[in-house]
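> Spelled out from the first residue to the last, the chains are:
2 protein chains.
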Amino acid sequence: MKCVSKNSEVKIIKLSSFSEAERAIVLTRSKTDILDIAGKISPILKDIKLNGNKALIKYIRKFDGAEFDSPKDIEVKQPEIQEAYKTIPPQLLKTIRRCIRNVNKFAKTQLAKEYYVQIEPGLIAGRRVVPIDIAGLYVPGGKAVYPSVMVMLAATARAAGVKNIIVCTPSKDGKLDPATLVAADLCGVDKIFKIGGVQAIAAMAFGTETVPKVDVIAGPGGPYVSAAQKLLREEVRIDFPPGPSEGMVLADTTANPRFVAADMLQEAEHGPDSAGIVVTDSMEFAEKVRKEAVELLEKLPEPRKGYVKENLRKYSCIIVAETFGDAIDFVNEYAPEHLQITCKNARQVLKRIKNAGTVCVGEYSPMSVGNFIAGPNAVLPTGGDAKFISGVSVDTFLKKPTVEIVSKKGLGRLRKDIACISDFEGFPTHTYSVDVRFEKKRRC
Amino acid sequence: MKCVSKNSEVKIIKLSSFSEAERAIVLTRSKTDILDIAGKISPILKDIKLNGNKALIKYIRKFDGAEFDSPKDIEVKQPEIQEAYKTIPPQLLKTIRRCIRNVNKFAKTQLAKEYYVQIEPGLIAGRRVVPIDIAGLYVPGGKAVYPSVMVMLAATARAAGVKNIIVCTPSKDGKLDPATLVAADLCGVDKIFKIGGVQAIAAMAFGTETVPKVDVIAGPGGPYVSAAQKLLREEVRIDFPPGPSEGMVLADTTANPRFVAADMLQEAEHGPDSAGIVVTDSMEFAEKVRKEAVELLEKLPEPRKGYVKENLRKYSCIIVAETFGDAIDFVNEYAPEHLQITCKNARQVLKRIKNAGTVCVGEYSPMSVGNFIAGPNAVLPTGGDAKFISGVSVDTFLKKPTVEIVSKKGLGRLRKDIACISDFEGFPTHTYSVDVRFEKKRRC
Numbered sequence: 344m345k346c347v348s349k350n351s352e353v354k355i356i357k358l359s360s361f362s363e364a365e366r367a368i369v370l371t372r373s374k375t376d377i378l379d380i381a382g383k384i385s386p387i388l389k390d391i392k393l394n395g396n397k398a399l400i401k402y403i404r405k406f407d408g409a410e411f412d413s414p415k416d417i418e419v420k421q422p423e424i425q426e427a428y429k430t431i432p433p434q435l436l437k438t439i440r441r442c443i444r445n446v447n448k449f450a451k452t453q454l455a456k457e458y459y460v461q462i463e464p465g466l467i468a469g470r471r472v473v474p475i476d477i478a479g480l481y482v483p484g485g486k487a488v489y490p491s492v493m494v495m496l497a498a499t500a501r502a503a504g505v506k507n508i509i510v511c512t513p514s515k516d517g518k519l520d521p522a523t524l525v526a527a528d529l530c531g532v533d534k535i536f537k538i539g540g541v542q543a544i545a546a547m548a549f550g551t552e553t554v555p556k557v558d559v560i561a562g563p564g565g566p567y568v569s570a571a572q573k574l575l576r577e578e579v580r581i582d583f584p585p586g587p588s589e590g591m592v593l594a595d596t597t598a599n600p601r602f603v604a605a606d607m608l609q610e611a612e613h614g615p616d617s618a619g620i621v622v623t624d625s626m627e628f629a630e631k632v633r634k635e636a637v638e639l640l641e642k643l644p645e646p647r648k649g650y651v652k653e654n655l656r657k658y659s660c661i662i663v664a665e666t667f668g669d670a671i672d673f674v675n676e677y678a679p680e681h682l683q684i685t686c687k688n689a690r691q692v693l694k695r696i697k698n699a700g701t702v703c704v705g706e707y708s709p710m711s712v713g714n715f716i717a718g719p720n721a722v723l724p725t726g727g728d729a730k731f732i733s734g735v736s737v738d739t740f741l742k743k744p745t746v747e748i749v750s751k752k753g754l755g756r757l758r759k760d761i762a763c764i765s766d767f768e769g770f771p772t773h774t775y776s777v778d779v780r781f782e783k784k785r786r787c
Numbered sequence: 344m345k346c347v348s349k350n351s352e353v354k355i356i357k358l359s360s361f362s363e364a365e366r367a368i369v370l371t372r373s374k375t376d377i378l379d380i381a382g383k384i385s386p387i388l389k390d391i392k393l394n395g396n397k398a399l400i401k402y403i404r405k406f407d408g409a410e411f412d413s414p415k416d417i418e419v420k421q422p423e424i425q426e427a428y429k430t431i432p433p434q435l436l437k438t439i440r441r442c443i444r445n446v447n448k449f450a451k452t453q454l455a456k457e458y459y460v461q462i463e464p465g466l467i468a469g470r471r472v473v474p475i476d477i478a479g480l481y482v483p484g485g486k487a488v489y490p491s492v493m494v495m496l497a498a499t500a501r502a503a504g505v506k507n508i509i510v511c512t513p514s515k516d517g518k519l520d521p522a523t524l525v526a527a528d529l530c531g532v533d534k535i536f537k538i539g540g541v542q543a544i545a546a547m548a549f550g551t552e553t554v555p556k557v558d559v560i561a562g563p564g565g566p567y568v569s570a571a572q573k574l575l576r577e578e579v580r581i582d583f584p585p586g587p588s589e590g591m592v593l594a595d596t597t598a599n600p601r602f603v604a605a606d607m608l609q610e611a612e613h614g615p616d617s618a619g620i621v622v623t624d625s626m627e628f629a630e631k632v633r634k635e636a637v638e639l640l641e642k643l644p645e646p647r648k649g650y651v652k653e654n655l656r657k658y659s660c661i662i663v664a665e666t667f668g669d670a671i672d673f674v675n676e677y678a679p680e681h682l683q684i685t686c687k688n689a690r691q692v693l694k695r696i697k698n699a700g701t702v703c704v705g706e707y708s709p710m711s712v713g714n715f716i717a718g719p720n721a722v723l724p725t726g727g728d729a730k731f732i733s734g735v736s737v738d739t740f741l742k743k744p745t746v747e748i749v750s751k752k753g754l755g756r757l758r759k760d761i762a763c764i765s766d767f768e769g770f771p772t773h774t775y776s777v778d779v780r781f782e783k784k785r786r787c
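Chains as they are written, first to last, in our numbering: chain A, 344 to 787; chain B, 344 to 787.
Bear in mind the hints are in silico, worked out from the structure with no lab data behind them.
Glycine is no exception: its CB is placed at the ideal position from the N, C-alpha and C atoms.
Check each hint, because a few of them may be wrong.
One-sided excerpt, in silico: chain B residues whose CB lies under 7 Å from chain A [to be verified]: (1) D390; (2) N394; (3) K420; (4) I424; (5) R440; (6) V460; (7) I475; (8) L608; (9) P709; (10) I716; (11) S733; (12) V746; (13) V749; (14) K783.
Straight-line distance between alpha carbons at most 30 Å, and here's what the computed BS3-like set of lysine-lysine pairs gives [said to hold, decoys possible]: (15) B:K687 to A:K783; (16) A:K456 to B:K759; (17) A:K392 to A:K515; (18) B:K556 to B:K392; (19) A:K389 to A:K506; (20) B:K759 to A:K687; (21) A:K648 to B:K687.
Isolated chain A (complex conformation):
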């Protein structure tokens, strides 16, 4: 039996009888096909590179639907920010402050330190920690608003010590969400531009007369924003731009099916391309989770309900493994963005999780804690990228150049070995640059 109970909107699939094709769809999820989009957006990127503000204004009009008479107007002015503080509810301001405090607190714990060690007598090696000069953050918006994404990116860049932080985020009819503006201001963002989509990424990568060229771009976006980031990797540092949200729950029968169902649908509600998956080792438990999920699904308001129904047809499901060990293996193979673990000895199970963006451990750690307020960053690798990368952190905004300091005596001790290997590899000047330092003094 390939798939148990296909007739329900919430599918239960046995891992042992997962068909190759279904498995591939679930594991690949909705990955942006960069080649598909490259042709469409390359002319936009080139136009902005060549024509700067003039092209930028044109694409903002076309894609963000916002009209700016002068390029100066795309930058947010101080009075708009002051006005925003007056507009937002006091509770939201309090919440944003708490989010910033926690993100900043956690980011600071991640900061690597500068150090120097003696490798051999007379040979000191070290590692410095230097913030990049200028960071470009992308905060999606337009239809929805994401002050929490602003906090995740900007508080982290600030904690890394970046001096110049600029943000691009799309406006709605030329106006930005006040909460997002307040979040940016509280994080100490230097410049905020009302630019969305491909044109925002291009403007930050190449720079225009108004938007500075940045060294690093970080931030999530839709397929077009993501493709633009990938195509501009030659211009700026962009790790792996996050794709659609994913949440996976690893649960055994000790978990509460009602909590698990809520967690399953939590990331799935982001959009039609998102994924919510439960992995367990009990068919009975899976059935209970399904019952709860079906019930919850019907209660969801639109458009969320429609989104979840859509991704339940493709990427979201409940998977039943033969053993809990197999379930853990599947988690590692899937490498989810967000993982929730509720099971016996959850802390021990955590140690066996190799691939995940972030892991919420235990019954009272739903993913939404991590999404907003826990401290760790919520801008995380998706699509299986957690196999080889980590989420946004202070490291996104830092360089760590190394240092070598050698004394004359130290160099003397290394001389023979340097000559041996550089002669063997055929680099005479490498050897000579050591030898010259031991010639009899000769000033020229």
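Since the structure of chain A is provided, determine the placement of chain B on it from the hints.
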């Protein structure tokens, strides 16, 4: 006056009168134009993706010039490694051991630690440190041999805790350099394949029947290898593949012009596309360095002399700034792979260097110390990439997933704020996944 004394092979250029065009050539150096090469190598990448070993063997024959009857023969067997130990001179073995010891020692100091901190009462956040599953290293070869590159990559991946390390390196008529083999074996490499160029990168990125698919590819190569890495960034993690070598010397009049000239030509001898640059604030000193450099150049054997003469026409020169502060600014703008500093208060000057792959500080720290034996990695960002990234380190081979652990009480304390922000952003299930945990007990 744009350029002082153009008639010499070693040009001296005043920073204040650097023409836009010359400045652009020096700053851009020989950057691989990926678009130029993409068309040529894409069919090779696709062929290996689709046809595995069969295609691989074909390209090894065509580009590496090596004939293998069976795909099994591209993997190095144990007897070849044992034979290699007998072949290499005892001094070289000693040198390799010392290089490995120091690279390993420094790499271990770079290792981030797992930790957990209390962010708020009842809310613990942490960061784990997990090695990637399988690393693919590329060590160039064929015409020349690079046991030192093998050490830099493999000892670092091993220090990071990577369990499966595979290496691709081109053979000469089906044979590998014994020193490179010994270096790989001493670093604990698991599999060594006799594959070079584009076909090596494709084999590791996609996997074939013989070569495992890897999670990360690291290692330098020529323009084709570099372009293949860039094109396959969707498949595996590849940061910024290093381009041609660069060395920059920042020196004031307290430096010995003879040492500075040697250091200038040291990285320049790598190839016709390499760069060796001196930045100083004294024309008199620049003239002295030039005199030494011209003298040294004539003494160089071929092909090194030809390489240096070639890059002296384009990327290598002596630059004279008005002030030492301007000289430092130019170093940061150039963002060299290797930087040598010899000047008054060199340790203070070091603090003002923001962009460099590695920095050798003081009169007795030539770059070749760092190239081979000091400990810090010599696989470093080139072409100005040091503005936003760092060289190969244990971090190249690690992921750092975050963790959130919340108690019921802790979640209760966060509840109102999570609801506030997730309601504001329009995610009902995010709010519900917290609320459900505080419903009156109800088992389903």
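> Does the nearest C-beta of chain A fall within a distance shorter than 7 Å of the C-beta of B:K420?
violated (24 Å)
> Is B:K687 within 30 Å of A:K783, Cα to Cα?
At roughly 23 Å apart (the allowed maximum being 30 Å), A:K783 and B:K687 satisfy the hint.
> Can you verify the interface hint for B:P709: is its Cβ closer than 7 Å to any Cβ in chain A?
holds (4 Å)
> Can you confirm whether the C-alpha distance between B:K556 and B:K392 stays at or below 30 Å?
Distance ~11 Å between B:K556 and B:K392 Cα, so the pair holds.
> Hold the hint about B:R440 up to the distance rule: shortest CB distance to chain A must be less than 7 Å.
B:R440 check fails; min Cβ-Cβ to chain A is 10 Å, beyond 7 Å.
> Within 30 Å, alpha carbon to alpha carbon, are A:K389 and A:K506?
Between A:K389 and A:K506 the Cα gap is close to 29 Å, so the pair holds against 30 Å.
> Under 7 Å is the threshold here; is the Cβ of B:I424 close enough to any Cβ of chain A for the hint to stand?
violated (18 Å)
> Does the closest beta carbon of chain A sit nearer than 7 Å to the beta carbon of B:V460?
With Cβ-Cβ at 5 Å, under 7 Å, it holds.
> For the hint on B:K783, does the least C-beta distance to chain A fall short of 7 Å?
violated (12 Å)
> Measuring from the C-beta of B:L608 to each C-beta in chain A, is the shortest one below 7 Å?
holds (5 Å)
> Does the CB of B:N394 sit less than 7 Å away from some CB of chain A?
violated (20 Å)
> Hold the hint about B:V746 up to the distance rule: shortest CB distance to chain A must be less than 7 Å.
holds (5 Å)
In terms of the numbered hints stated before, the structure departs from hints 1, 2, 3, 4, 5, 14, 16, 21, listed from lowest to highest.
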